[in-house]
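Asks: Assemble the whole structure, with the sequences as input and the hints as a guide.
Chain order of the listed sequences is A and B.
Using this note's numbering, the letters of the first sequence map in sequence onto residues 1 to 344.
Using this note's numbering, the letters of the second sequence map in sequence onto residues 345 to 740.
If you're looking for bench data, these hints aren't it; they were derived computationally from the structure.
Heads up, none of these hints are tricks.
EDC-like cross-link-like pairs, simulated, lysine to aspartate or glutamate; straight-line CA separation at most 16 Å: (1) K38/A with E583/B; (2) K606/B with D165/A; (3) K610/B with E583/B; (4) K606/B with D46/A; (5) K606/B with D585/B; (6) K392/B with E406/B; (7) K560/B with E500/B; (8) K737/B with D698/B; (9) K606/B with E161/A.
Here chain B is said to cover these stretches of chain A; the calculated rule only asks that three of the stretch's residues, wherever they fall, bring their Cβ under 8 Å from a Cβ of chain B: (10) 36-45; (11) 48-55; (12) 149-155; (13) 241-247; (14) 288-295.
The following residues of chain B were derived to be distant from chain A, with all beta-carbon distances above 12 Å: (15) R348; (16) K349; (17) R373; (18) E406; (19) G430; (20) A462; (21) D540; (22) N542; (23) K557; (24) D671; (25) I699; (26) F701; (27) A711; (28) A717; (29) A724; (30) F738.
For clarity, every value in this text was computed on a predicted model and none was experimentally measured.
Glycine is no exception: its CB is placed at the ideal position from the N, C-alpha and C atoms.
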Amino acid sequence: MTQSNKFLRFLKQVAIALALPAIMFILMELLIYATQGKHLFNSVLDIRNLIRGSGNAAAIAFALSMNLTSGRMDLSLGAQRAAGTIIGGLIAQALGLTGIWYLVFAVLCGIAFGALVGVAFVTLRVPPMVLGIGMACILECVGFAASNGIGLKIVGRAGTEILSDASFTIVVVIIMAVFMLFLMTYTRFSYNFRAVRGSQQIARNSGINVFVNVAICYTVAGALVAVSGLLDSAFAGSMNASMGLTSNGSVMANMFAMMIGCAFLSRYINQAVGIISAAVALRIFGMGLTAFNVSDAVSSCINMALFIAFLVWQANSHVLKQRKYDRERIAQAQEMKKARAAAV
Amino acid sequence: MKARKIVSLVLALVMLLAIAVPAGAEGFRKVKVAYATNATDETFVGRKKGLEELVGPTLNMEFMYSEALSDAGALTTFIENAFASGCEGVFVDLANAMDQGAAVANDLGMWYVGVSSADSAVNYDLPYYVSVVGASAQGYGTSYATAIESVLSDGEEHSILILSGAAAYGATSFIEGTAGSLRALQEIYGLTYTRDINELATSSTSVDAENDKGVKITVVPGMGPDLTNTVSPMLQSGEYDVVVGTTTIYGSLSVAVDEVEKATGKNIFFISRDVLSDTIGNAFHTNDSTGHPVMDAVVTQATFETVSGMILLRNAIDGYADNMRADGRCSRVPGSAPLVVVSAEQFDILSAEDIPFAFCTAEDILALTGPDATWEAIDAFGASLTTEAVIEKFNK
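Replies: The following block contains the structure:
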């Protein structure tokens with residue numbers, strides 16, 4: 001491929017990556033301006049909100065993509081997020097550390113909990129959803145017990161201002177994106193990951209250690225959700241020690257971004273970039289709904305309805321293509337029949 | 345002979361241990377009481393500390409705590425578990441399932457006290473339903489009005505964002521807190537709303553309280569960490585310079601407010617419902633980027649309800665339930681209105697190290713127990729704990 005072709009291809013991918021957020025922005029801006037006389041973004045604070053929200057969503061979407069795309073639904077991600085953030089934060093507080101150390105310890109705890117779930121999965125061979133529920137209950141209790149029920153409180157703590165700073169969030173998101181880009185594109189792990197996703201049996205027969213690969217997937221997912229948890233709690237001031245599987249709500253809410261990035265945009269651009277693009281687009285959509293004074297419940301309904309509509313389209317898009325192909329073939333056959341009849 | 349010596353020694357040891365039991369617990373049989381809470385936030389932490397350090401040792405009570413409960417099903421499960429683990433009473437801070445919980449406790453023979461800003465609606469005549477404690481909704485309304493008058497009576501024009509918390513779900517303290525705030529603004533600005541105040545307070549979506557003076561007032565429902573996502577964009581529009589929270593908002597909105605102040609250079613007045621914790625103390629004593637205190641006023645979470653509830657349970661368990669109930673039904677013990685703290689000085693006085701939990705000493709608590717204690721006396725004592733009275737009592 002010539003240099004110019006490569007460059008054109010690169011530009012095309014950049015355009016595709018920016019297309020979805022751009023279309024969403026134009027759509028919401030026009031709607032809001034037409035109905036409310038306001039703009040979607042009114043100040044630099046809105047941009048900060050966008051960056052912060054997109055970063056959180058992208059981290060969770062990355063984490064979901066590590067297992068869900070391979071058919072493993074890990075329902076303990078939310079609990080890993082909560083427990084990793086709480087315990088990592090408490091360790092940092094106990095050691096008298098501030099700022100970035102909260103993130104470091106949260107990630108370390110996320111890695112530990114992710115690895116625990118992954119090892120449990122490959123060892124016990126329990127169905128992933130069932131294991132996820134069990135581990136979620138356990139990890140929620142761990143976070144609750146470790147914090148005496150109050151979770152992690154960051155508000156008012158000296159040295160933690162950096163965690164809610166937009167510049168810091170941008171840096172973390174970039175590091176995370178580069179890490180995922182590299183991990184899922186240029187490493188042996190990524191080849192093994194795609195092979196296992198295609199067929200576990202064939203992957204195993206070709207010498208790939210499926211169990212190690214899966215355990216690493218869970219571990220990476222744990223680290224990613226811990227990043228999201230810590231960034232979120234830095235802005236909200238706390239991470240609650242929730243129980244009763246309620247911790248998974250925030251993770252499920254970001255499944256749409258993961259599906260768009262992995263199942264649709266990944267056909268045209270790198271999956272990691274696609275997930276970020278989808279996260280930004282959906283965040284813009286969410287900000288637009290807020291501008292319309294739509295309540296949280298209605299906003300969730302709309303998001304989930306669109307998610308289901310996307311899944312329906314995704315599952316049935318081949319039917320439309322097949323019907324179009326069939327129509328063309330039928331028309332072609334009818335033409336041939338007419339031609340033969342005319343020749344006779 | 346040797347056996348007699350051993351028995352004597354053991355008896356002597358038992359007597360020594362009995363003497364070593366705290367004086368407040370003298371005469372009280374040790375009992376276990378369950379505490380069902382709707383949130384495990386800083387308020388709960390403070391109450392738990394008060395129970396463990398003051399009420400428990402004084403009344404010889406041991407406590408079993410729930411996780412954050414949200415509905416009647418979870419409450420029922422907790423009460424059943426509490427019964428199985430030996431609890432004789434249950435204290436329930438979950439207003440939306442309070443009366444249902446009473447029925448469960450009654451079936452199990454457990455004495456029951458609920459927390460709400462309104463009286464019991466059903467099941468109030470169940471024999472084990474002792475009382476409903478909690479500052480009245482009107483008390484919350486008055487306290488919020490006081491807080492707003494204190495902060496906004498500067499003759500300046502302001503734009504106010506009122507976070508109504510659970511008002512849209514019918515929680516009366518939030519409804520009155522919001523309505524009280526709206527009434528106070530009505531007084532300050534001499535304005536007339538185009539819609540009914542209660543309708544505005546209980547709106548389930550964000551609503552502008554339009555009025556004849558054009559003062560920008562918006563009521564936003566919701567509570568919890570999700571509030572950050574809903575409210576931050578509104579604050580970031582720069583339209584509002586007063587935020588009033590009928591729920592605990594400092595933790596979830598402090599960063600957002602700080603960002604807006606730094607970006608706009610405008611001070612945002614902050615009124616929250618909170619406990620007198622170190623975090624709030626820092627907020628009163630710290631100046632924001634505009635040079636004003638971070639926190640302008642706090643409507644304290646009522647703490648006397650916790651103490652009064654345990655006193656009522658203690659008396660009921662000890663056989664004086666009739667004095668704790670009112671004419672064959674559960675009594676209503678609102679106690680005092682929530683205290684309002686509007687300055688760092690007031691905060692320092694009310695949160696000093698030697699200030700007891702809920703401003704009640706062990707002697708105060710013991711004076712409200714026994715065969716002569718009545719629910720009216722407990723209520724009257726609570727009502728005497730006004731901000732001025734407490735400051736006078738403890739600022740020596």
